[in-house]
Amino acid sequence: MMDTPELKSDIAEKEYKSPKWKLIRFFESSRDKWKIKAKDAKYQIKLLRKRVKYLEQNKREFKKRSRNLEIEVQQMKDKEKKLLAEIDRLKKIFDSGKYGIPKTV
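Each residue of the sequence shown is one higher than the one before, starting from 11 at the first, in the working numbering.
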């Protein structure tokens, strides 16, 4: 729908019932509130972006730490298996009496 010249002039010549000084104060107040609201929203966005960045960094660090701990756990399990195998080997030697060590009950 196209605006006709008559419609545009009607909009431009709109008359308000309130006095202009009241309208000016109202419009200025409305503008100022909007600016404060927009400024607060931008500040909140900035804070949230910083928080996301911090959380992503922590996530990366915890993943890296988790991977390192998993590797360490696997190494400890391997070491445990070797030690248990060594214990079994020594028990067999001890039980065989090969080194002349008497068995004790």
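Treat each hint with caution, since some may be false.
[Unchecked claim] Pairs of lysine-lysine residues, derived as BS3-like cross-links and limited to a Cα-Cα distance of at most 30 Å, are as follows:
id : residue 1 : residue 2
1  : 56        : 73
2  : 43        : 27
3  : 102       : 92
4  : 27        : 52
5  : 24        : 43
6  : 102       : 89
7  : 89        : 73
8  : 30        : 45
9  : 56        : 69
10 : 24        : 52
11 : 74        : 52
12 : 102       : 74
13 : 63        : 74
14 : 43        : 69
15 : 56        : 45
16 : 102       : 73
17 : 24        : 45
18 : 47        : 32
19 : 69        : 45
20 : 52        : 63
21 : 32        : 45
22 : 45        : 60
23 : 60        : 73
24 : 73        : 91
25 : 30        : 43
26 : 56        : 43
27 : 73        : 63
28 : 74        : 45
[Said to hold, decoys possible] Computed Cβ-Cβ distance ranges for the label pairs, DEER-style:
id : residue 1 : residue 2 : range
29 : 33        : 69        : 37 to 47 Å
30 : 36        : 76        : 53 to 63 Å
31 : 81        : 105       : 29 to 39 Å
32 : 91        : 60        : 25 to 35 Å
33 : 37        : 77        : 52 to 62 Å
In short, the hints are calculated from the structure, not lab data.
Quick caveat: nothing in here was measured; it's all calculated off a predicted structure.
The C-beta atom is built at its ideal place from N, Cα and C for all residues, glycine as well.
Practice item. Run the structure past the numbered hints and jot down the numbers of the failing ones, going up. Key: 4, 10, 11, 12, 14, 16, 19, 28, 29, 32
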